[in-house]
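Participant: Whole structure, please, built from the sequences with the hints as guidance.
Sequential numbering from 83 applies to the sequence shown in our numbering.
Where hints are given, some of them may not hold.
Taking lysine-lysine pairs in the DSSO-like style, the calculated list, with each CA pair at most 27 Å apart, reads [to be verified]: (1) K297 x K245; (2) K245 x K292; (3) K297 x K126.
No lab work stands behind these hints, which were simulated from the structure alone.
Note that the structure is predicted; figures quoted are calculated from it, not measured.
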Amino acid sequence: MEPEISLQQHKFSTLHSIVVELAAAAVGDIPPTLSRALHALVLKWLAAANPSVAETIHASQNPPLTISPLLGNRRQGGVRVGDYFYFRITLLDGALVEPLMRGFECSETQSLVLADFLFVLRHLYALPGMHQLAGAADYALLSHPAQVLTDIELHFLSATSFKQNQAVQTFPLPELVFNSLHRRWNIFAPEQYHLPNCEWNALVTAYELKTYALKMEGGTEVGAQGWVCYRFSDAETARIATILANFAFFAGVGRKTAMGMGQTQIANSKFKTCTERSRSIQNSKKVKR
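Facilitator: Below, the structure is given as structure tokens:
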């Protein structure tokens, strides 16, 4: 395995969730998975402002960002010109905001092609309050939760899976979920906020999950979507789990989080889930018709 390339020299203590709106500029069918195309687009924007940062992220085993699937109005019978779509980029290192914004501005007036389908850029929402999925946080604030939860409900919004014993595990077991979050936290948080190792002696008290097969460029990936409730009996473990559960909105969990998988959110978050947002948009369009 290649040694991990660090972005330590660029590290800031802020985290960001940025929403990019697109509109279809053609008629036809959009591929069900655009993970590689969206990943390439984000790296292109970063490279336009800072090629070395984009190259470092491309080579990294632990990229400091996640990218959601393309969400929006996928009509039966094909997409029409002007149909609304969006995707979300999260940044685990605040130093990436400036090059991403500069790269976006360079492309703002251009059309773009994702997997041979033409789109135009509509808007980028980077500030809290501009969009229900746009937001920001700070490792210092996240490390001091207002309330410690012994029962934590996590929503897995896109197909989620984990590496376990050289195989792929689709059930979000507590140790897989929270070890994934713990590892990312300690990679990207400033050292003074690093969290100690934990034994995740948690119970799964309820869940509702379905597995989905994603046809990705490298082959089919299977992952689970839905929600799971975890219960922690130890107070210190519950405290760390609460920190990490709030971090999940930005970090995602499991495998291929820069390719649309592992989008995760704690229940009752101030941010509306991608699924809820997509449903509310579609309902508003139905009312307008």
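Participant: Honestly, which of those hints from before does the structure not fit?
Facilitator: Those not satisfied: there are none.
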